[in-house]
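Engineer: In case you want the letters, here they are:
2 protein chains.
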Amino acid sequence: MKIGVITLNPTIGNIKENLHKITCHIKDAIKENYDILIFPELSISGYPPKDLLLFPEFIKSEQKALQSLKKFSNSVAILIGAVSRSQRNSSKLYNGAHFIYKGKIQTYHKRFLPCYDVFDEPRYFNVGQNAPLFKWKAKKIGITICEDIWGEESNLKARYEGIPAPLKKLQKSKPDLIINLSASPFESGKDKIRQRLVTNISKKLNVPFIYVNQSGANDELIFDGAVIATSKSKCIYHSADFKEARHSFIFKNNKTLECLSQPQKLTSWRDNLSQALITGIHDYVIKSGFQKVVLGISGGIDSAVVASLAVKALGSQNVTGLIIPSQYTSSESVRDANTLCKHLGIAKHVISLNDLHQMMRRQFSDDFNSVLSDLTEQNIQARLRGNIIMAYANNSNALMLNTSNKSELAMGYGTLYGDLGGALAVLGDVTKDFVYELARHINHNKIIIPENIIHRAPSAELKPNQKDEDSLPIYECLDPQVKKTLTKKILPKNKIDKFSAEQFKKALFINEYKRRQAPPILKVSTQAFGFGWRLPIVNRYL
Amino acid sequence: MKIGVITLNPTIGNIKENLHKITCHIKDAIKENYDILIFPELSISGYPPKDLLLFPEFIKSEQKALQSLKKFSNSVAILIGAVSRSQRNSSKLYNGAHFIYKGKIQTYHKRFLPCYDVFDEPRYFNVGQNAPLFKWKAKKIGITICEDIWGEESNLKARYEGIPAPLKKLQKSKPDLIINLSASPFESGKDKIRQRLVTNISKKLNVPFIYVNQSGANDELIFDGAVIATSKSKCIYHSADFKEARHSFIFKNNKTLECLSQPQKLTSWRDNLSQALITGIHDYVIKSGFQKVVLGISGGIDSAVVASLAVKALGSQNVTGLIIPSQYTSSESVRDANTLCKHLGIAKHVISLNDLHQMMRRQFSDDFNSVLSDLTEQNIQARLRGNIIMAYANNSNALMLNTSNKSELAMGYGTLYGDLGGALAVLGDVTKDFVYELARHINHNKIIIPENIIHRAPSAELKPNQKDEDSLPIYECLDPQVKKTLTKKILPKNKIDKFSAEQFKKALFINEYKRRQAPPILKVSTQAFGFGWRLPIVNRYL
Chain A
1 MKIGVITLNP TIGNIKENLH KITCHIKDAI KENYDILIFP ELSISGYPPK DLLLFPEFIK
61 SEQKALQSLK KFSNSVAILI GAVSRSQRNS SKLYNGAHFI YKGKIQTYHK RFLPCYDVFD
121 EPRYFNVGQN APLFKWKAKK IGITICEDIW GEESNLKARY EGIPAPLKKL QKSKPDLIIN
181 LSASPFESGK DKIRQRLVTN ISKKLNVPFI YVNQSGANDE LIFDGAVIAT SKSKCIYHSA
241 DFKEARHSFI FKNNKTLECL SQPQKLTSWR DNLSQALITG IHDYVIKSGF QKVVLGISGG
301 IDSAVVASLA VKALGSQNVT GLIIPSQYTS SESVRDANTL CKHLGIAKHV ISLNDLHQMM
361 RRQFSDDFNS VLSDLTEQNI QARLRGNIIM AYANNSNALM LNTSNKSELA MGYGTLYGDL
421 GGALAVLGDV TKDFVYELAR HINHNKIIIP ENIIHRAPSA ELKPNQKDED SLPIYECLDP
481 QVKKTLTKKI LPKNKIDKFS AEQFKKALFI NEYKRRQAPP ILKVSTQAFG FGWRLPIVNR
541 YL
Chain B
1 MKIGVITLNP TIGNIKENLH KITCHIKDAI KENYDILIFP ELSISGYPPK DLLLFPEFIK
61 SEQKALQSLK KFSNSVAILI GAVSRSQRNS SKLYNGAHFI YKGKIQTYHK RFLPCYDVFD
121 EPRYFNVGQN APLFKWKAKK IGITICEDIW GEESNLKARY EGIPAPLKKL QKSKPDLIIN
181 LSASPFESGK DKIRQRLVTN ISKKLNVPFI YVNQSGANDE LIFDGAVIAT SKSKCIYHSA
241 DFKEARHSFI FKNNKTLECL SQPQKLTSWR DNLSQALITG IHDYVIKSGF QKVVLGISGG
301 IDSAVVASLA VKALGSQNVT GLIIPSQYTS SESVRDANTL CKHLGIAKHV ISLNDLHQMM
361 RRQFSDDFNS VLSDLTEQNI QARLRGNIIM AYANNSNALM LNTSNKSELA MGYGTLYGDL
421 GGALAVLGDV TKDFVYELAR HINHNKIIIP ENIIHRAPSA ELKPNQKDED SLPIYECLDP
481 QVKKTLTKKI LPKNKIDKFS AEQFKKALFI NEYKRRQAPP ILKVSTQAFG FGWRLPIVNR
541 YL
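As you go down the protein sequences, you meet chains A and B in turn. Taken in order, the first sequence gives residues 1 to 542; the numbers are from this note's numbering. Taken in order, the second sequence gives residues 1 to 542; the numbers are from this note's numbering.
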């Protein structure tokens, strides 16, 4: 039995194009005599479709697309994730896995519906009741969807109390093969945990297991395109290169799997993180219908890393750097920014902020008869820069990339509508230590980012001799605390460098208003700011 | 039996202050010989506490505050909404109602946990299993929490399939009185539906009913402070003036309720809508620790209405209007803007945009050697205005109010980081027709908003002779369609004025990126943009 596994990269809502991709894969597979073709969770709508699922017309189109696959099913069996609608009540939806063969559809409904972090599945779906088993050619195929295999882990178990676990059911029915269809967002390090989980289940149930994830990215979420296969309780295949591809296996009658493909796996966590961000930039820009991006190049590390990743994602011809020095910008910064652009081979423009800044300052003293505070002065500069970059973006049909990192966002170190602007926050889930790791990784073979950028003390250069560490705890102390607080929801008890525990807590919570208006953030950790972090803005837990 | 009902207005996360308020109410009630005092849903944390519930320290403080109420319970029985923690598993939470009497606590757990619109309760809470009944002095008190009384309505029923309905249980146990503790967000017209629901339940179960809602506002959500009481199957009391107060009743042995207070009810839907927005502004600003607001006064209707509401919320001494004309601003607009500020008695400043605009334009042609497109030109002006208003806000410790309306937000008619900026979108859930209704309502007794502002055709005045209806369908066609699409999730089939059905759909969906970075929006309708509207940004369902 020849099995094809497709790490589909659908675009949310683009039912027509997603269906076209799916049918192309099916036609190719038929030509090559595949017996069964497997697609990930919610392949037709893309994941997560969010409130599109509340539009009846959307569901109707999606169901029509699903039904249209029947016509291929005399030649090949198709297993695909797609919405399922209750026959008695059309507003009742399930997250379904559809097994299509000889014009008939068998459907399983996901049981464990995640409702934490970025996941809102009970908002849309009902808990499934169907048996997680398809019968096909005297074989029993066990089927699970994403969270179904995670929900019995100790950290999640309590959430799904009272819902019969699909794996428990499968343990009893002794299937010949288990499959998991996923749309499981990338997190640094999750690949190893996932491989262990799949292997353990395969061992426990004594059955070969095929796991398939989506690839590509949709808004904040990145999918690594993982395919994991086990045979005789061992992991025999683990591919994950974020790309849409077909992976092939032979299922033998003695209940073993053999690989026909070569797994594409990135070797280090830096490779993975870097490729995740590149994928995130690429898909956000391209799926939005753009090709080009523009960003402010400050001569600092964050914009250097974002520019380098953008070049890998879109090509140097599609990236423009704007260097916008003010009176506080050091010549060192301007020099390094220019060198970076040269190394990257990207177009750059230098535009001085001085005249605009001075004029605005003058108008304040003339029209308002008031002196600008230190903070106002800094914000004005950042917002003028933002205006220039956005104007350039608007004028050249490009998207502005945001360069804020997670450590800054945690402490609210940034100017709303200034450096906090942009279409996508590439490093919004990357703490400063990891920004440096990425920079060194980018420079691994060849110096792209001038070494001086990596070695200088970080500064916003919005007032004379300013350093980040004048206003923030040093990053060596800040970064671990940000990770701990976000992931474990533990607030500090002791000082973090110069910040008291109370100062840290206050800075974290009181700056929620900035994060709420920040661009979408590419999620690469267990807990990113953005859609999976839902704090009140007016919050006096200070 | 003397009953006190408190429409508490807690601040999210401010456990200390909320507890202080609660104990003051309790002490007063003890002095005045109340037998029982009733507080709304989640009174100690405020509603919605969102991800604060994931911080174990927060839960610990909240539980400590709850326990501290025991010491008053020899003198008065206390019924209060607060988080409940499972004794076996401290990470398992419930949305609880606590009946505290003589040092003992009986607890009921909410069963119907809403997971739609702005509600995410299954993200935090487990479904309750306890009986919805407290025994007290040979009386049976039936208890429900918010959604518990809504969940059997036809539009929600399917969501709670399989969960035993609290009201079904209560019908069997024949309580002497039913109470509902709510934190139910304001929506225009919901008060009537709520009164009908409460009365119907009271009739069906043949039992008096007391309903209590929170008052005030937290971020996007506004609470009308409703108290509804029924006796002998009739509504005998319906108060709702958005304010924290104590409402008093006598419960007689023949199972009837008598009112001791005078209900405070606003008479028209315009009064309600207007008061809701005033409450929303007031609480956002004051609970954030600010007193002052600033906004751009364009001479148009939106900013005129926002300024008028802000004056009612905060007093004229706390509102500043900035008039920032560009070369495209008509003298009519400047005149009307000045008159408005005079009528409102607010401070105003006039600052010309011309020089900044010209300089920016010049820099583009000098440094980029490029001509600005029409759209870029408009955006630059809007963003320079945004920068000026934000600088003023930063410099005078004020919050910038946003003046975008719902019709504009739906079509993406506004400039990100320009007129789409601000701390709070006061009219973000108000379609243009209702903005006019509000304007006329404000002018009801005395002309505050110059009549010319109400009668002129709306214009952004960002290019010569610009009118909103050059770029948008006329509001008479646009407003009903926006309401229909948002509330019913129905996309148009026919033309909306000059827009084709496809153009409308595209404008709605493609501008999600702007709304994602817009300020929090005061929710006053069934479906507002903001937290309860979750669309993908990269969405090709176009």
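No lab work stands behind these hints, which were simulated from the structure alone. Where hints are given, some of them may not hold.
[To be verified] Below, simulated DSSO-like cross-link-like pairs (lysine-lysine); rule was C-alpha separation at most 30 Å, straight line:
#1 K157(A) / K60(B)
#2 K92(A) / K16(B)
#3 K168(B) / K92(A)
#4 K234(B) / K60(A)
#5 K234(B) / K2(B)
#6 K16(B) / K484(A)
#7 K92(B) / K483(A)
#8 K234(B) / K168(A)
#9 K446(A) / K495(A)
As the structure is a computational prediction, the values presented were derived from the model and not from experiment.
Engineer: If you draw a straight line from the CA of K234(B) to the CA of K168(A), is it 30 Å or shorter?
Structural biologist: Measuring from Cα to Cα gives roughly 52 Å; hence the hint is violated.
Engineer: Is it true that the CA of K92(A) sits at most 30 Å from the CA of K16(B)?
Structural biologist: Violated, at roughly 43 Å.
Engineer: For the pair we were handed, K234(B) and K2(B), check the Cα-Cα distance against 30 Å.
Structural biologist: Distance of about 20 Å is within 30 Å: holds.
Engineer: Take the C-alpha atoms of K92(B) and K483(A), compute the straight-line distance between them, and say whether it is at most 30 Å.
Structural biologist: holds, 23 Å
Engineer: Need the status of pair K168(B), K92(A): alpha-carbon distance at most 30 Å?
Structural biologist: holds, 23 Å
Engineer: Does the structure keep K234(B) and K60(A) at a Cα separation of 30 Å or less?
Structural biologist: violated, 44 Å
Engineer: Given the proposed pairing of K446(A) with K495(A), does the C-alpha separation stay at or below 30 Å?
Structural biologist: With a Cα-Cα distance of about 40 Å, the restraint between K446(A) and K495(A) is violated, given a limit of 30 Å.
Engineer: Measure nothing beyond the straight line between the CA atoms of K16(B) and K484(A); if it is 30 Å or shorter, mark the hint as holding.
Structural biologist: Distance of about 26 Å is within 30 Å: holds.
Engineer: Are K157(A) and K60(B) close enough, with their CA atoms no more than 30 Å apart?
Structural biologist: holds, 22 Å
The structure shown violates the earlier hints numbered 2, 4, 8 and 9.
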